[in-house]
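Knowing the structure of chain A, use the given hints to seat chain B on it.
There are 2 protein chains.
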Amino acid sequence: MPSYKAPVDDIRFVLHDVLTIEKYSNLPGFADAPRDVVDAVLEEGAKLCERVLAPINQSGDQEGCKIADGVVTTPKGFKEAYKTFIDGGWSGITSDPEYGGQGMPYVLGFAVNEFVSASNMAFGMYPGLSHGAYEAIHVWGTDEQKQTYLPKLVSGEWTGTMNLTEPHCGTDLGLLRTRAEPQADGSYKVTGTKIFISAGEQDLSDNIIHLVLAKIPGGPEGVKGISLFIVPKFMVGADGSLGARNAVKAGNIEHKMGIIGNATCVMNYDGATGFLIGEAHKGLRAMFTMMNAARLGVGVQGLAQAEVAYQNAAAYAKERLQARSISGTKFPDKPADPIIVHPDVRRMLLSIRAFVEGARAFYLWTGLKIDLAHRDPDATVREANEDIVALVTPVVKGYLTDKGFESAVNAQQVFGGHGYIKEWGMEQFVRDARITQIYEGANGVQALDLVGRKLGHKGGQPLMAYIGEIERFIAENQGNEGLKPFLDGLRASTDDLRDGAMWFMQNALANPDNAGAGSVEYMHLFGIQVLAYMWALMAKVALEAKAAGTATEFHDNKLIVGRFFVARVVPDTKALLAKLSAGADTIMALDAANF
Amino acid sequence: MPSYKAPVDDIRFVLHDVLTIEKYSNLPGFADAPRDVVDAVLEEGAKLCERVLAPINQSGDQEGCKIADGVVTTPKGFKEAYKTFIDGGWSGITSDPEYGGQGMPYVLGFAVNEFVSASNMAFGMYPGLSHGAYEAIHVWGTDEQKQTYLPKLVSGEWTGTMNLTEPHCGTDLGLLRTRAEPQADGSYKVTGTKIFISAGEQDLSDNIIHLVLAKIPGGPEGVKGISLFIVPKFMVGADGSLGARNAVKAGNIEHKMGIIGNATCVMNYDGATGFLIGEAHKGLRAMFTMMNAARLGVGVQGLAQAEVAYQNAAAYAKERLQARSISGTKFPDKPADPIIVHPDVRRMLLSIRAFVEGARAFYLWTGLKIDLAHRDPDATVREANEDIVALVTPVVKGYLTDKGFESAVNAQQVFGGHGYIKEWGMEQFVRDARITQIYEGANGVQALDLVGRKLGHKGGQPLMAYIGEIERFIAENQGNEGLKPFLDGLRASTDDLRDGAMWFMQNALANPDNAGAGSVEYMHLFGIQVLAYMWALMAKVALEAKAAGTATEFHDNKLIVGRFFVARVVPDTKALLAKLSAGADTIMALDAANF
Numbered sequence: 001m002p003s004y005k006a007p008v009d010d011i012r013f014v015l016h017d018v019l020t021i022e023k024y025s026n027l028p029g030f031a032d033a034p035r036d037v038v039d040a041v042l043e044e045g046a047k048l049c050e051r052v053l054a055p056i057n058q059s060g061d062q063e064g065c066k067i068a069d070g071v072v073t074t075p076k077g078f079k080e081a082y083k084t085f086i087d088g089g090w091s092g093i094t095s096d097p098e099y100g101g102q103g104m105p106y107v108l109g110f111a112v113n114e115f116v117s118a119s120n121m122a123f124g125m126y127p128g129l130s131h132g133a134y135e136a137i138h139v140w141g142t143d144e145q146k147q148t149y150l151p152k153l154v155s156g157e158w159t160g161t162m163n164l165t166e167p168h169c170g171t172d173l174g175l176l177r178t179r180a181e182p183q184a185d186g187s188y189k190v191t192g193t194k195i196f197i198s199a200g201e202q203d204l205s206d207n208i209i210h211l212v213l214a215k216i217p218g219g220p221e222g223v224k225g226i227s228l229f230i231v232p233k234f235m236v237g238a239d240g241s242l243g244a245r246n247a248v249k250a251g252n253i254e255h256k257m258g259i260i261g262n263a264t265c266v267m268n269y270d271g272a273t274g275f276l277i278g279e280a281h282k283g284l285r286a287m288f289t290m291m292n293a294a295r296l297g298v299g300v301q302g303l304a305q306a307e308v309a310y311q312n313a314a315a316y317a318k319e320r321l322q323a324r325s326i327s328g329t330k331f332p333d334k335p336a337d338p339i340i341v342h343p344d345v346r347r348m349l350l351s352i353r354a355f356v357e358g359a360r361a362f363y364l365w366t367g368l369k370i371d372l373a374h375r376d377p378d379a380t381v382r383e384a385n386e387d388i389v390a391l392v393t394p395v396v397k398g399y400l401t402d403k404g405f406e407s408a409v410n411a412q413q414v415f416g417g418h419g420y421i422k423e424w425g426m427e428q429f430v431r432d433a434r435i436t437q438i439y440e441g442a443n444g445v446q447a448l449d450l451v452g453r454k455l456g457h458k459g460g461q462p463l464m465a466y467i468g469e470i471e472r473f474i475a476e477n478q479g480n481e482g483l484k485p486f487l488d489g490l491r492a493s494t495d496d497l498r499d500g501a502m503w504f505m506q507n508a509l510a511n512p513d514n515a516g517a518g519s520v521e522y523m524h525l526f527g528i529q530v531l532a533y534m535w536a537l538m539a540k541v542a543l544e545a546k547a548a549g550t551a552t553e554f555h556d557n558k559l560i561v562g563r564f565f566v567a568r569v570v571p572d573t574k575a576l577l578a579k580l581s582a583g584a585d586t587i588m589a590l591d592a593a594n595f
Numbered sequence: 001m002p003s004y005k006a007p008v009d010d011i012r013f014v015l016h017d018v019l020t021i022e023k024y025s026n027l028p029g030f031a032d033a034p035r036d037v038v039d040a041v042l043e044e045g046a047k048l049c050e051r052v053l054a055p056i057n058q059s060g061d062q063e064g065c066k067i068a069d070g071v072v073t074t075p076k077g078f079k080e081a082y083k084t085f086i087d088g089g090w091s092g093i094t095s096d097p098e099y100g101g102q103g104m105p106y107v108l109g110f111a112v113n114e115f116v117s118a119s120n121m122a123f124g125m126y127p128g129l130s131h132g133a134y135e136a137i138h139v140w141g142t143d144e145q146k147q148t149y150l151p152k153l154v155s156g157e158w159t160g161t162m163n164l165t166e167p168h169c170g171t172d173l174g175l176l177r178t179r180a181e182p183q184a185d186g187s188y189k190v191t192g193t194k195i196f197i198s199a200g201e202q203d204l205s206d207n208i209i210h211l212v213l214a215k216i217p218g219g220p221e222g223v224k225g226i227s228l229f230i231v232p233k234f235m236v237g238a239d240g241s242l243g244a245r246n247a248v249k250a251g252n253i254e255h256k257m258g259i260i261g262n263a264t265c266v267m268n269y270d271g272a273t274g275f276l277i278g279e280a281h282k283g284l285r286a287m288f289t290m291m292n293a294a295r296l297g298v299g300v301q302g303l304a305q306a307e308v309a310y311q312n313a314a315a316y317a318k319e320r321l322q323a324r325s326i327s328g329t330k331f332p333d334k335p336a337d338p339i340i341v342h343p344d345v346r347r348m349l350l351s352i353r354a355f356v357e358g359a360r361a362f363y364l365w366t367g368l369k370i371d372l373a374h375r376d377p378d379a380t381v382r383e384a385n386e387d388i389v390a391l392v393t394p395v396v397k398g399y400l401t402d403k404g405f406e407s408a409v410n411a412q413q414v415f416g417g418h419g420y421i422k423e424w425g426m427e428q429f430v431r432d433a434r435i436t437q438i439y440e441g442a443n444g445v446q447a448l449d450l451v452g453r454k455l456g457h458k459g460g461q462p463l464m465a466y467i468g469e470i471e472r473f474i475a476e477n478q479g480n481e482g483l484k485p486f487l488d489g490l491r492a493s494t495d496d497l498r499d500g501a502m503w504f505m506q507n508a509l510a511n512p513d514n515a516g517a518g519s520v521e522y523m524h525l526f527g528i529q530v531l532a533y534m535w536a537l538m539a540k541v542a543l544e545a546k547a548a549g550t551a552t553e554f555h556d557n558k559l560i561v562g563r564f565f566v567a568r569v570v571p572d573t574k575a576l577l578a579k580l581s582a583g584a585d586t587i588m589a590l591d592a593a594n595f
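Residue numbers (full-length UniProt numbering), protein chains in the order written: chain A, 1 to 595; chain B, 1 to 595.
Since the hints were derived computationally from the structure, they do not count as laboratory data. Do not take every clue at face value.
The list treats identical chains as interchangeable, and a pair is accepted whether it falls inside one copy or across any two copies.
[To be verified] Restricting the straight-line Cα-Cα distance to at most 30 Å, the calculated cross-link-like pairs of lysine-lysine (DSS-like) are:
hint	residue 1	residue 2
1	K458	K47
2	K540	K334
3	K546	K282
4	K249	K484
5	K224	K330
6	K249	K66
7	K189	K334
8	K282	K334
9	K318	K224
Pulled out of the complex, with its shape left as it was, chain A reads as follows (with noise of 0.2 Å):
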């Protein structure tokens, strides 16, 4: 069976060294999280994962979810992890106070759920898909849904879920069919089939609060025309006491590639009473709340898959005996050198460190933007990271589970044909993090989202800024020999940003097809790009502690694997460039019926 272990050192260099969130300890949450809360969270929370989700990941995986009659069973261990879960606080860390939330912040909140992911992704997702209801209630519900519905999700004694796609439509939500009739109580009745309902039926809370988009006769037409509405499994009373069972039900579970131990679910609609939430027809904007929330924590997901397969892969090549070192035999008394020594074995471990340890940072860094944007007493800063992280959301969503997907088959690569065997579990980190370039948004759909909306943004306002920012570290760490090649790097891929963005400014108003021809290309440019900010970051805290005689080997390794991301990846930046500047017309040349 797999192992993992949470990588709490590797957060902690980021947050305290990197990051340095101390700095913003005039703020709320932060306030009361000191650096002995923030590490005692991350050791309680990596030993929850370490011990109660992990050991029950692959038994999940073989075992699924079974329905009989729209009641859903979970895999065993399931249940009772959930209640250690709630029991321990996990579901509310980051929730709002005043409804029994911890409030801590949130970019604590995501380095938890990296280690949940990462130990059980397929589990995971129970509260994860709760916490994307509590956001979109929170936000939107009036003081007495929030009163209703928020105690119980921030407790997890109840869960919630989202409902988006039909049958006919998943990106393109302005075709959905089920519709909200108003009913003279205020309430209305809601009715239609909802299918890829990610936890939409369970048997681990007493209550699910279904988030679910849909239709009220006369609206407006296409997604103008959408508004959300809280569907409970269980009517809940004014005493908060559970009534009846609302006609809601899960008609069946998919099988799928993978997260097997989530229950995918049919929801059937049969005129259950709903409740609208946030203005009539302007669902969507309610709906996105939960979504760019959501697509943050799916590129957590991806990264998440990469850290824990990667963990077992390296374990495994420094164990296997097979062939001797091409350099010379580095292990005489054994029959064979451990594949570790191999060039090859090693690439294929690096590429996925340097991805894990820069993407890490890259979720941190914009994990605590998102705080200031909601937080900084300042409404200029908050408005400056709000762009930012707008800006970024798709990058973290589409590169990260990208490369998280590669990175959990570059690990199965490493096992050879004992990666091809489910006994192993490697094979199984390939399928669960395959979901993740899927779901939440494809990753094209993401892309486009980059740049056809947070590029022009403003007026390119954020991008600027973002360049910006870069080029002062740049200036500011001029001349510092150490950071040399990573400044290289940062350099050449960041001109490589700018140019791109360059060409779809001159060329995608004359052709939009020129946009969406370029834009996966420029997701993973960005995502390069960043990343490469990211290690100079790091570097940089790293040299300064061998400068002060403080640094250990987790230093010279954050150097040695930085410099191999600049080595081995960056020179992709300049390929991605040449392609997206390639332009539309090779792409929409075939006639449509000719594929």
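Chain B in isolation, oriented as in the chain A frame:
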């Protein structure tokens, strides 16, 4: 259920118009395969694969193989399909007529293999492994062994297997422990455990001829002490009748990520009677007869999964209605445009198609060279072709399977969430394609074979001959305006190919790790370069057809897809060259304990 249509027209284009195999009608085998016979074989092979094998691909995956007391049951329909397969003579189309084969050109058998692998890869491995056993016995067996085993292997009444891997050794066969004790009658008693034996046991054939690597006690240490043995499941009498059950038994079947319809067995040899084939202690050489053929076949499997995945993704993209084209509504009468209007969906599809069509030309080009290496009357020509085949074999295996897998993933992505659901069949292509990167020598081993052995073979003469062929082609076609983009891409990638080889020459002698550290990048660089060559060859033919007024839409499409390859894939060779030129330093710097 996914569908499959064999790409007969595309194969015919390559065989007849690009490779002009009619030129070789003076050679044995080719003389009996004029154009109409070739076309008939392709048409009949297509029918078999479309109508018999494709319909049981998904059910075979769902049902899997079962084992009870060493007896394996293949999925429903496999037995009947196998009978149809051998009744049609497909098991022996390229085999020696002396043993009942049809003696057709190897290149034609290769094409039929693509159809078989695309329609049902798990099924195709049963006859595929047999063919490997046939080749080893045909090359290395005594006359008596040939007479005893070949006719039944050719007819398909018996099947064969390859037994290399043991629990503690795969790549490094020098470690193997299976032993063969000489007996007074000249036979051996073979004892040991082999794992990952594809088609090791089944209910399709009357007998199974296992080819088993083992060590004769007292022989040299390591790979120089390995011998190859024929171990039949049932002993064979002098009259060809089946006798006693031999002491070899399937101990278990593996639970795998994919190719679930094929029984991957643990084989227990318990003093089984075996017969030495070839010389004692020279078994590896004999085994490589099978391995090289098998490696080319695995490359075709990778491509085949890409082809079938493409077909289904293209069909879905033309049907699935979702959102509007960003350059303006294309189908106002429909509720949304089909997703084929979106540039990124086209990009994914064209990436696959540009790979598949280029790679198909590549494997057929290689297949023809194998025929010439065997059948040309001129020893110099035979040797020159053999050298090129040896050079590109790791590229066919490694590049076609890495890109085949990536293509299957891209095709799955076109389906959005539906791609993740088993019912649609797309995730099976991904799972099945994944093994091709691993077995018959993991792709990292292929890359090391290319860079460590093949580049320097005969002082680099084969590579120089190959590059010389390209340079002549470029020179001869200078001034062909329509061909210019193709020649530009070919020139750029060939320069990178040469520069990469030079870099290894200058840097790998001093530090062999420099070869291992850049080998996978070089294999990919080679793959892109050779596909750029194939696209130039195909474009030339298409342009000639246009000039002659005989062009159809087929030729126009070739040019469009080829230009996509040049614009969107060829830029990667520069990045690959930059990465491999970075050398081993950043890869070897990290202490093994710190991974």
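For each hint, the structure was consulted:
| no. | hint | verdict |
| --- | --- | --- |
| 1 | K458 x K47 | neither (44 Å within a copy, 58 Å between copies) |
| 2 | K540 x K334 | neither (40 Å within a copy, 56 Å between copies) |
| 3 | K546 x K282 | neither (54 Å within a copy, 55 Å between copies) |
| 4 | K249 x K484 | neither (60 Å within a copy, 62 Å between copies) |
| 5 | K224 x K330 | between (67 Å within a copy, 21 Å between copies) |
| 6 | K249 x K66 | within (14 Å within a copy, 36 Å between copies) |
| 7 | K189 x K334 | between (71 Å within a copy, 29 Å between copies) |
| 8 | K282 x K334 | between (68 Å within a copy, 25 Å between copies) |
| 9 | K318 x K224 | between (57 Å within a copy, 27 Å between copies) |
Going down the numbered hints, you'll see the structure goes against 1, 2, 3 and 4, while the others check out.
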